[in-house]
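Protein chains in written order, with the working numbering: chain A, 1 to 387; chain B, 1 to 387; chain C, 1 to 387; chain D, 1 to 387.
Treat the hints with caution; some may be incorrect.
Claimed, not checked - The calculated SDA-like cross-link candidates involving lysine to any residue, where the alpha carbons are at most 25 Å apart (straight line), are:
#1 B:Lys98 with A:Glu377
#2 A:Lys98 with D:Phe23
#3 B:Lys98 with C:Lys98
#4 A:Lys323 with D:Arg363
#5 B:Lys98 with A:Glu37
#6 B:Lys98 with C:Ala217
#7 C:Lys323 with B:Phe92
#8 A:Lys323 with C:Lys373
#9 B:Lys322 with C:Glu180
#10 D:Lys322 with A:Pro105
#11 A:Lys323 with D:Lys323
#12 D:Lys323 with A:Pro105
#13 B:Lys322 with D:Lys323
#14 C:Lys323 with B:Arg111
#15 C:Lys199 with C:Arg130
#16 C:Lys350 with A:Phe338
#17 A:Lys272 with D:Ser365
#18 B:Lys323 with D:Phe23
#19 A:Lys322 with C:Leu368
#20 D:Lys323 with B:Tyr367
#21 C:Lys350 with C:Glu293
#22 A:Lys350 with C:Ala339
#23 C:Lys199 with B:Ala160
#24 D:Lys322 with B:Arg111
What the hints assert, rightly or not - Covered by chain B, according to a simulated footprint, are these stretches of chain A (three or more residues, beta-carbon under 8 Å):
#25 32 to 45
#26 197 to 206
#27 312 to 326
Keep in mind the hints are simulated off the structure, nothing from the lab.
Remember, predicted model here, so these are calculated numbers, not experimental data.
Glycine included, each C-beta is placed from N, C-alpha and C at the ideal position.
4 protein chains.
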Amino acid sequence: MRVLDAFAIELPSWGFANTGTRFGKFIQAGAATTTAEKLADAGEVHRVTGCCPSVAVHVLWDFPNGAAAVDTVKADAARNGVAIGAINPNVFQDQCYKHGSLGNPDPEVRRAALSHILDSIEIQRRTGSRDLSLWFADGTNFPGSGSVRARKNWFREGLAAVHAALSGDQRMLVEYKPFEPAFYATDIADWGMSYILSKSVGSRAKVLVDTGHHYQAQNIEQIVAWLLDEDMLGGFHFNDRRYADDDLTLGSIDPYQVFRIFHEICYFTWEKGQAPDIAYMVDQSHNLKNKIEEMIQTALTAQELFLKAALVDHPALAEHQKKTNLIDAEECLKRAFFADVQPVLVEWRKSHGLPADPMAAFRESGYLSRVEKERAERNRQSVASYA
Amino acid sequence: MRVLDAFAIELPSWGFANTGTRFGKFIQAGAATTTAEKLADAGEVHRVTGCCPSVAVHVLWDFPNGAAAVDTVKADAARNGVAIGAINPNVFQDQCYKHGSLGNPDPEVRRAALSHILDSIEIQRRTGSRDLSLWFADGTNFPGSGSVRARKNWFREGLAAVHAALSGDQRMLVEYKPFEPAFYATDIADWGMSYILSKSVGSRAKVLVDTGHHYQAQNIEQIVAWLLDEDMLGGFHFNDRRYADDDLTLGSIDPYQVFRIFHEICYFTWEKGQAPDIAYMVDQSHNLKNKIEEMIQTALTAQELFLKAALVDHPALAEHQKKTNLIDAEECLKRAFFADVQPVLVEWRKSHGLPADPMAAFRESGYLSRVEKERAERNRQSVASYA
Amino acid sequence: MRVLDAFAIELPSWGFANTGTRFGKFIQAGAATTTAEKLADAGEVHRVTGCCPSVAVHVLWDFPNGAAAVDTVKADAARNGVAIGAINPNVFQDQCYKHGSLGNPDPEVRRAALSHILDSIEIQRRTGSRDLSLWFADGTNFPGSGSVRARKNWFREGLAAVHAALSGDQRMLVEYKPFEPAFYATDIADWGMSYILSKSVGSRAKVLVDTGHHYQAQNIEQIVAWLLDEDMLGGFHFNDRRYADDDLTLGSIDPYQVFRIFHEICYFTWEKGQAPDIAYMVDQSHNLKNKIEEMIQTALTAQELFLKAALVDHPALAEHQKKTNLIDAEECLKRAFFADVQPVLVEWRKSHGLPADPMAAFRESGYLSRVEKERAERNRQSVASYA
Amino acid sequence: MRVLDAFAIELPSWGFANTGTRFGKFIQAGAATTTAEKLADAGEVHRVTGCCPSVAVHVLWDFPNGAAAVDTVKADAARNGVAIGAINPNVFQDQCYKHGSLGNPDPEVRRAALSHILDSIEIQRRTGSRDLSLWFADGTNFPGSGSVRARKNWFREGLAAVHAALSGDQRMLVEYKPFEPAFYATDIADWGMSYILSKSVGSRAKVLVDTGHHYQAQNIEQIVAWLLDEDMLGGFHFNDRRYADDDLTLGSIDPYQVFRIFHEICYFTWEKGQAPDIAYMVDQSHNLKNKIEEMIQTALTAQELFLKAALVDHPALAEHQKKTNLIDAEECLKRAFFADVQPVLVEWRKSHGLPADPMAAFRESGYLSRVEKERAERNRQSVASYA
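Build the full structure now, drawing on both the sequences and the hints.
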């Protein structure tokens, strides 16, 4: 039960808005368009699950006019029972970022990107958020388009300037991604690149692992264990995928992998006697399922798989690993993975005044039909075309 | 030289419009927005390269009001020295296609999709186009979302109805794609599925190979050779990729693979004494390079690599293959691939009244700066956001 | 419980012998070297699990002198409580197969391969085995090495001759594999190629799906559903993998995928009111774990995951799929996957006089230490070097 | 021409021996079995190509009795006109390494592995070789088999001890590999892990890039550029692949990728005014082609692609990159890649008294038929079986 008390997962404000693929967006009548709506939806998820107390925000979409809106946004959050979490700058959407942001050969664009990030840190300071979450779409699409080394060094410079602007307990999390939207070379393509850059700019910089940002067959839990051992793991963006960065519901494709990631964390915690300081965040694109329901499903899945990971018999596992009892060691994991944890979860919910079945509670609440009525008109207008 | 006379590659009208990734579009001042503009741009590419005499059109974007526009579009094409090529229905963008088109569990949606395709065949009849080019975004994003077999059979029914509506020399080309925008299971995911469906509906149905629609490391040229041998290869959508369906410039990432695809076709032609009846089409997303220039680059690359493939010493290769002289057989291919064919290409251009350096000729023509001036305002308004 | 009575999985005789990677074999003292030993080990697995009543044999290794040994082998099997299952010819190990077997440009080698397969059919006839299981290592390592179409047609010829030699209820199962040991193009590389060849030679030929023989991210359960719908699924070679054809324990890497494969079969069975006629076989390389224990673990995993798949609420799932209730449909699968089936399994075992915990029973039996003593010396001599 | 004078590529002694896949070895009559034979073959390759002056050796196979053989081996090398290059310990083949070497939970095995490596350093000292080339097969095959972090730290300890034993200008090169023979988690799986370990043990440790040891679609040249920028690139093991670590002839599958790797090196050299200090080595498995001929083909390919990379117009490229002239920048690379460099190569050969066509010269020399006669009998005995 203490494991469940300690496990919280942050929701992304943009996960309640209409998103899609390059071929179009399928618009949901109840999708949120304002930050207030996003926070209300997030609050609803937290109300029924009890494990999503904070919301990551996106500067461009949630603070289009900058830090001035902080008080309003904080109040909206508080009213919905949640707090503002990680701050996400956006240096990929504006037309000036066509050839990159901090990695752009044009110093003017690099300055513009840095300036936006520094503004984001000011928002971070005012919201009291601990983490600045940095994803860069920078990269090149064709061999020869850019100098790999020059772009690397522009990134080091830019990130150093970002680091210098942090204070208090603020951290910066540096995300990596092998491809999309850059298809030949992404400037921060893998955990090694994120590690080197983070290490070089200072101790507040840590690596952010998005579970969808890996090569096929890459062992994510091994990377997690290495980063834990190096004290360089800052947090996660959770989602699932089959091929590319599909941004599907966590655990929908490979739940055993999610369990194994959590296992590495729980195993580390058991060994060190203390949990590592990691931000757990959701980052998914809810294109087909209802957004709020998918978020509830995600939170419940994360909680359940984390609990299962905590149930691994660590002393037995350690002993079997020492003796290379391969089958027995493996069965330690499989037994925990397939353990029936529903009773524990239900009891925990009861003890916290939460509904035993959060999804059913949400469906019965009438929230969805209410917001669908309120928001339908605005959503109808947001259709976009591929070409 | 005769090889060059026989090789033509079709341009896609949508390749001149602003496209992008799900994270946004980088807008080009000179991008085409009307069909007339697209045809003008395509005409310009053909004017300087001499190998792009036709333009594939997209019903939703080029014929938003259906067959009524055919005469205008044909006239526009003719004025620009090109013809109308393959007709591409669109059954993925409308909101009703959220859960699929011909594979949708809802019979109303299946009917709507079929109706749109039948309308497209009417356009095809009036444009005199030979090929109906069918790509379906249908699929499911999560395990359990749909019945694989039910969806397969709905597709068979729908495609049979499409086939029944064809006449004269019309063909239908059935494209496959392993993922995106469906991330768990695409209804027509690979060449085997496209083959089975095509085979089951009738002799006018052939497989369309998009070079970007394969699993990593899959041997595309082997599939091409199998389809040739089965008389089931209808045509190509050409582009290049590194990871997923990146829609990069043909030959920009792996030119040797493009060469080997062409080699299988030329080798087949040499053996049979006759070229197979295949539609060569470009399908790329020109997000960063100038659209018209990238199209010229693509046409020239296709032409050059096809010429190199035609230069393989086929009798020697056949003999080495028979004797399993592995190194000698391989060198037949590598020698042709690295052969300097510029002189032949320049001579061919001269003999056809084409500029020796098509890209330079286009740049000197002033066409781009003219259309950038004309089209800039409209393009400025087309920015879209991810969330 | 009836589901469990109907589910049986065949063990491979070669799974009890020392195998390894190209870098070497790690020798187990208790590994089987003779066919009698392999059958004894298989019998032991069946004795404790009750779901492995037959053993696939490998002609080259189990019948080095051909059909003459059939009576002895059958008697050995019977003595150990198992039957002889699928017959596996070997046309890849002999030096003559360097450039292929049925796809070899040399007609002499093609004849030799065919002759070996026909001999295998004679063994099949005498053992009373239903299935001839065909895997071909044929392919090429370099572009240009061979003619794709010529090799395809040699395969069609050869397989047609094989088909013509079958009689009674005999079937031939044609396996596909994308790579290894051929690294440029495998002659039967994917399910589409296997389908086309099987279809072309006659109704006794079916496709064999080895779960490790797919491209990364390929949706195996979708292929299974298509083959079921086409009545072309002959059987499985089960194992798990992370990267290539790793031949790991079934369900050790992605148990949810195995569950989904079984789900497609159970869903088909529910719809048709009858189970499809499929051979379930194990094909793994037990390099590190103890071979017999890994086989027990595999059999138990297969049985458990099949039972879970049978527990899916099919009517509810069908209804949710019809209405595209994505989350509810998905939860049908996840609920069954995570259901605690141990009580059912234990009860089934009791009702069949089997040990409640088969692995524990095997470990307590002393079988392993006995055979390790008996076989240690012979195994010590079998070390091989990479170079 | 100076570029060619400076480019040398090291041959591996094991590349002349019979190797294969786990399914067997196809034995070549002329394959080398003794170190003397391997050096003779390597000498022959250098005699006709002029760019392979050194030979990497493998301690287990070339120095089965340790440092005592150094004088003989050096003399053999000298007699054949080559020098001894990198020293490769082997800590994967012995039975004790079943669960790893430096990453083994058993301290006795870790000691044994370290001891073998220290012996190798003594050999390195006596041969005067600069580089100790370290590849570890260590890893685990199943989730739970081992502690990722414990194994990482055992590696750090072991490598630190290795580093401490180096002296003079000796270096240690740490290779990474994502999978095979470990299929769940390789202890040093990617360049990031190799970088971290190397960095942590000292300045003599550098990363070794084997071109076949990457995830599919991973951008190798980007990694090379990062390592160059970090001064952490020690050398290469060259080969080509389509799927896994296929160990095919360099440039046989994707020559443009090899060119781009060389391009990053030449671009770095141009910028810094000095070539980086990198060991170029071949590491291939010559299973089907004649070993010596494939080595000649490899050396010539490497030389030719390096020359092409040196021909890139660096000032123009830098200018286009600065201005993000994407097409012009890309064409700088493509123009150099497709440039006809045969005349330059022939001239260089003439000026160094080398045959204009090295492969033809080798074939005419009669060397192959002579060694085939001499070695045939011994090779006939080396056949191994998969199971």
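Status of the hints after comparison with the structure:
1. B:Lys98 with A:Glu377: 19 Å, holds
2. A:Lys98 with D:Phe23: At roughly 50 Å apart (the allowed maximum being 25 Å), phenylalanine 23 of chain D and lysine 98 of chain A break the hint.
3. B:Lys98 with C:Lys98: 51 Å, violated
4. A:Lys323 with D:Arg363: Outside the cut-off at roughly 55 Å; violated.
5. B:Lys98 with A:Glu37: 24 Å, holds
6. B:Lys98 with C:Ala217: 23 Å, holds
7. C:Lys323 with B:Phe92: 19 Å, holds
8. A:Lys323 with C:Lys373: Holds. Lysine 323 of chain A to lysine 373 of chain C sits at ~21 Å (cutoff 25 Å).
9. B:Lys322 with C:Glu180: 22 Å, holds
10. D:Lys322 with A:Pro105: Since the Cα atoms of lysine 322 of chain D and proline 105 of chain A sit roughly 6 Å apart, the hinted pair holds (cutoff 25 Å).
11. A:Lys323 with D:Lys323: Not satisfied, since the Cα-Cα distance of roughly 60 Å exceeds 25 Å.
12. D:Lys323 with A:Pro105: OK: lysine 323 of chain D and proline 105 of chain A at ~8 Å, within 25 Å.
13. B:Lys322 with D:Lys323: Roughly 52 Å separates the two Cα atoms, so the pair is violated.
14. C:Lys323 with B:Arg111: 17 Å, holds
15. C:Lys199 with C:Arg130: 19 Å, holds
16. C:Lys350 with A:Phe338: Cα-Cα ~22 Å, so holds.
17. A:Lys272 with D:Ser365: Violated: lysine 272 of chain A and serine 365 of chain D sit about 67 Å apart, past 25 Å.
18. B:Lys323 with D:Phe23: OK: lysine 323 of chain B and phenylalanine 23 of chain D at ~24 Å, within 25 Å.
19. A:Lys322 with C:Leu368: Distance ~22 Å between lysine 322 of chain A and leucine 368 of chain C Cα, so the pair holds.
20. D:Lys323 with B:Tyr367: OK: lysine 323 of chain D and tyrosine 367 of chain B at ~21 Å, within 25 Å.
21. C:Lys350 with C:Glu293: Since the Cα atoms of lysine 350 of chain C and glutamate 293 of chain C sit roughly 21 Å apart, the hinted pair holds (cutoff 25 Å).
22. A:Lys350 with C:Ala339: 22 Å, holds
23. C:Lys199 with B:Ala160: At roughly 21 Å apart (the allowed maximum being 25 Å), alanine 160 of chain B and lysine 199 of chain C satisfy the hint.
24. D:Lys322 with B:Arg111: 53 Å, violated
25. 32 to 45: Check failed, 0 qualifying residues.
26. 197 to 206: violated (count 0)
27. 312 to 326: Result for this restraint: violated, n = 0.
The structure fails hints 2, 3, 4, 11, 13, 17, 24, 25, 26, 27 (numbered hints given earlier, in ascending order).
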